[in-house]
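There are 2 protein chains.
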Amino acid sequence: MKSELDRLMKENDVTGIWVTGPGQHNPAMVYLTGGGHLTQADAIKPQGKELLLCHSSMEREEAMRTGLKTLNYNIYPLKDRLIAAVGDRLQAQALLYKQIFEDLGLTTGKVLVYGLVEAGIFHSLLKSVQALLPGLSFEGDVEENVISQATATKGPEEIERIRQMGKIVVTVVSRVADFLTGHKVMDEVLVKSDGSPLTIGDVKANINLWLSELGAENPEGTIFAIGRDGGIPHSTGTASDLLRLGQTIVFDIFPCEKGGGYFYDFTRTWCLGYAPQETQALYDQVKSVYEQVVSQLETNRNPSIYQDLVCELFEEMGHATVKSNPATETGYVHGLAHGVGLNIHEKPWSSRKDDPNNLLVPGSVFTIEPGLYYPDQGMGVRLEDTYYVTPEGQFERFVDYPMELVLPMKNERG
Amino acid sequence: MKSELDRLMKENDVTGIWVTGPGQHNPAMVYLTGGGHLTQADAIKPQGKELLLCHSSMEREEAMRTGLKTLNYNIYPLKDRLIAAVGDRLQAQALLYKQIFEDLGLTTGKVLVYGLVEAGIFHSLLKSVQALLPGLSFEGDVEENVISQATATKGPEEIERIRQMGKIVVTVVSRVADFLTGHKVMDEVLVKSDGSPLTIGDVKANINLWLSELGAENPEGTIFAIGRDGGIPHSTGTASDLLRLGQTIVFDIFPCEKGGGYFYDFTRTWCLGYAPQETQALYDQVKSVYEQVVSQLETNRNPSIYQDLVCELFEEMGHATVKSNPATETGYVHGLAHGVGLNIHEKPWSSRKDDPNNLLVPGSVFTIEPGLYYPDQGMGVRLEDTYYVTPEGQFERFVDYPMELVLPMKNERG
Chain A
503 MKSELDRLMK ENDVTGIWVT GPGQHNPAMV YLTGGGHLTQ ADAIKPQGKE
553 LLLCHSSMER EEAMRTGLKT LNYNIYPLKD RLIAAVGDRL QAQALLYKQI
603 FEDLGLTTGK VLVYGLVEAG IFHSLLKSVQ ALLPGLSFEG DVEENVISQA
653 TATKGPEEIE RIRQMGKIVV TVVSRVADFL TGHKVMDEVL VKSDGSPLTI
703 GDVKANINLW LSELGAENPE GTIFAIGRDG GIPHSTGTAS DLLRLGQTIV
753 FDIFPCEKGG GYFYDFTRTW CLGYAPQETQ ALYDQVKSVY EQVVSQLETN
803 RNPSIYQDLV CELFEEMGHA TVKSNPATET GYVHGLAHGV GLNIHEKPWS
853 SRKDDPNNLL VPGSVFTIEP GLYYPDQGMG VRLEDTYYVT PEGQFERFVD
903 YPMELVLPMK NERG
Chain B
503 MKSELDRLMK ENDVTGIWVT GPGQHNPAMV YLTGGGHLTQ ADAIKPQGKE
553 LLLCHSSMER EEAMRTGLKT LNYNIYPLKD RLIAAVGDRL QAQALLYKQI
603 FEDLGLTTGK VLVYGLVEAG IFHSLLKSVQ ALLPGLSFEG DVEENVISQA
653 TATKGPEEIE RIRQMGKIVV TVVSRVADFL TGHKVMDEVL VKSDGSPLTI
703 GDVKANINLW LSELGAENPE GTIFAIGRDG GIPHSTGTAS DLLRLGQTIV
753 FDIFPCEKGG GYFYDFTRTW CLGYAPQETQ ALYDQVKSVY EQVVSQLETN
803 RNPSIYQDLV CELFEEMGHA TVKSNPATET GYVHGLAHGV GLNIHEKPWS
853 SRKDDPNNLL VPGSVFTIEP GLYYPDQGMG VRLEDTYYVT PEGQFERFVD
903 YPMELVLPMK NERG
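Here the protein sequences line up with chains A and B, keeping their order.
Each residue of the first sequence is one higher than the one before, counting from 503 in the working numbering.
Each residue of the second sequence is one higher than the one before, counting from 503 in the working numbering.
Please keep in mind that the hints were generated in silico from the structure rather than gathered at the bench.
Among the hints, erroneous ones may be present.
Each pair may be met inside one copy or between any two copies, as identical chains are not told apart.
[To be verified] Once the Cα atoms are required to be at most 27 Å apart in a straight line, the calculated BS3-like pairs of lysine-lysine come out as:
#1 K706 to K789
#2 K855 to K600
#3 K629 to K789
#4 K600 to K825
#5 K855 to K581
#6 K581 to K706
#7 K912 to K600
Everything numeric in this text was worked out from a predicted model, so none of it was measured.
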């Protein structure tokens with residue numbers, strides 16, 4: 503939680519935190535400032551002191567709205583810095599940071615750097631800043647000890663925002679189910695009222711529209727993959743594909759609040775009309791593993807143990823898994839869990855076995871998402887919900903939604 | 503244009519280009535690969551050779567869809583790299599890049615690095631990669647000489663995509679005008695059919711919905727600012743503000759193709775019902791400057807000369823400008839023009855006077871956006887269209903839309 507930041511900085515011997523980049527769609531910036539329409543900003547927090555939000559003059563009102571202490575870049579005029587830097591724009595930019603850090607009294611110790619940036623230009627800039635401030639050591643939070651650790655547990659307001667996103671997600675999912683099953687069918691293919699076939703592109707356009715209508719957005723897209731595509735976990739589906747009865751559909755939806763806020767992550771696997779026996783069998787196995795792992799969740803444990811558990815369960819059923827073969831492309835081919843917050847994927851991780859702080863504790867928000875993939879058999883099955891741990895240590899699913907594989911068509915004849 | 507990449511690399515003594523980060527909402531990646539649902543990818547292009555797209559195993563199908571040469575990260579198993587790196591995850595990641603670069607024969611010379619990344623972690627990673635490949639020099643394209651130079655001129659297909667976005671923008675703008683003017687008015691305030699006042703939040707919700715319906719998204723938000731907010735160029739407007747007759751509304755809309763493609767940038771300033779005399783006067787000045795600058799556009803010129811021209815014109819009218827006072831917060835307070843493409847702001851720039859390649863040439867796509875701002879008088883005026891230069895050197899506006907200040911209400915009585 504945000505209230506832990508100073509303690510985490512102290513424990514990790516961090517003098518300052520520096521978050522740079524845009525105000526929105528930039529998780530660490532949104533976390534510290536609440537987000538705002540800032541093209542470029544810098545949020546700098548010395549250990550034990552108030553956060554300072556640095557902004558351009560044009561964006562002073564947006565910066566002020568955050569309620570934070572602010573600094574307008576133009577108090578260090580670019581003209582003067584360009585003269586000092588002999589016309590070198592990058593050096594003039596580095597001089598700005600030198601002045602800001604010095605004025606904050608940040609001149610020795612470790613500064614952790616966060617934020618979404620353009621890779622090469624920022625790397626070059628940071629090298630220049632580093633040269634100008636030799637007493638500071640600018641580093642990435644590779645061990646996820648400070649902001650990533652703070653964000654790994656959510657407070658009540660964050661939990662509520664994620665729950666709202668969960669409600670939006672199941673509203674959209676139920677509209678999609680309703681939309682699909684209301685179609686006519688000709689030769690096993692869903693057709694629109696004009697007789698033309700319904701495509702995945704059509705379905706996705708509706709998903710985007712409904713998300714927007716409900717105040718959400720899906721910056722990372724939506725997976726709606728049928729048949730073989732569903733057998734590849736991150737295949738998003740082919741827009742021109744038709745919807746055929748009996749084929750498996752993997753529908754993985756992971757939108758966030760409009761403007762780049764909190765995410766929610768959710769997957770169901772569906773067959774329209776009926777399910778072939780082998781699909782039902784695969785589905786039953788995934789569902790059984792899902793239920794077993796959920797029933798065994800305990801606090802203060804590293805989620806990697808549940809990844810191991812799921813691999814063992816699937817292997818007992820005869821499937822290949824990433825545990826015995828990390829490169830497998832059939833069977834169980836990914837991780838079981840990841841944290842969800844301002845990032846769609848964040849701490850805690852089911853892949854982070856050796857990090858003592860990577861634990862399920864009160865305030866953790868994370869997915870459970872076992873799956874089995876057989877692209878050559880034209881199918882994949884994944885089931886996913888987002889869970890959280892209550893202050894009392896109970897594991898709760900944010901929102902319930904039916905898990906049935908088969909969605910019966912309301913009107914199967916064309 | 504993309505076809506210039508090898509020439510630009512050669513002229514700038516660049517051995518390789520490395521673009522990293524997600525497949526979408528990552529301009530350099532979308533430019534080189536066409537975009538795709540890739541959580542993490544690396545596009546690497548040695549000078550004079552084919553681009554290689556590196557991807558995770560789960561995302562192999564999305565990578566294949568690009569039609570590019572691909573490499574699955576798992577051919578260099580993480581397990582082996584972790585052993586070599588004695589469990590250090592960052593070092594194991596650096597070893598992956600070492601192997602990829604070596605296998606591509608990229609071991610000496612300058613590599614320009616691009617892509618959207620998490621600042622600190624990437625900086626730490628790049629330091630490790632740099633240490634493992636001492637013959638290479640990893641740098642940012644600070645001078646905008648290679649990818650940013652290639653993207654600064656658009657080919658016919660890109661021009662068409664931007665034109666389509668322009669059509670979507672004016673469709674949404676005309677719906678907004680229609681929506682606003684169709685409201686009833688009580689005591690100078692627009693009211694909904696239930697008698698409650700219409701808010702900017704309501705208007706923005708409709709803008710988001712219409713953009714989504716038309717296949718666009720606005721990752722950077724929309725400026726719809728009334729009264730004093732309109733006097734601050736980057737104030738996005740206050741959701742709870744009401745719509746009052748006679749107040750100035752600055753409506754700046756800059757969406758992109760769904761999934762993070764090409765942008766369009768457009769601004770109109772409106773008064774609902776009527777315009778106070780001083781607003782009309784300010785508006786007339788901005789419009790006159792807009793028309794003068796457009797009539798004087800010539801190819802092969804640095805757009806900074808039009809910024810100077812606009813400053814001179816506004817100063818003759820008695821306004822402060824950034825030319826005489828870079829920190830001014832009233833009068834003309836920003837730049838006149840910026841390129842538009844996969845970034846909402848890109849080369850060419852009206853602020854880049856000393857770059858010999860920062861020119862308006864056939865294929866350039868850029869904004870013209872003069873404005874005047876007087877927040878303390880509760881008003882701001884900006885007019886903006888996106889232009890391009892045809893292969894024949896003609897300057898064309900992508901789409902036309904009326905510039906009138908006053909939108910007459912269809913039914914002024916409540």
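How the hints compare with the structure:
1. Taking CA atoms no more than 27 Å apart as the test, K706 paired with K789 passes inside one copy only; the shortest distance there is 26 Å, against 41 Å between copies.
2. Taking the closest pair of Cα atoms, K855 and K600 come within 27 Å of each other only across two copies (25 Å); inside a single copy the shortest separation is 39 Å, beyond that limit.
3. In this assembly of identical chains, the alpha carbons of K629 and K789 never lie at most 27 Å apart, being 51 Å within a copy and 44 Å across copies at closest.
4. In this assembly of identical chains, the alpha carbons of K600 and K825 lie at most 27 Å apart only when taken from different copies (26 Å versus 48 Å within one copy).
5. Only between protomers do K855 and K581 lie at most 27 Å apart by alpha-carbon distance; the minimum there is 14 Å, versus 51 Å within a single protomer.
6. Taking identical chains as interchangeable, the C-alpha atoms of K581 and K706 are never at most 27 Å apart, the minima being 49 Å within one chain and 37 Å between chains.
7. Proximity of K912 and K600 under a CA criterion of 27 Å is satisfied in neither setting, with 66 Å inside one chain copy and 56 Å between copies.
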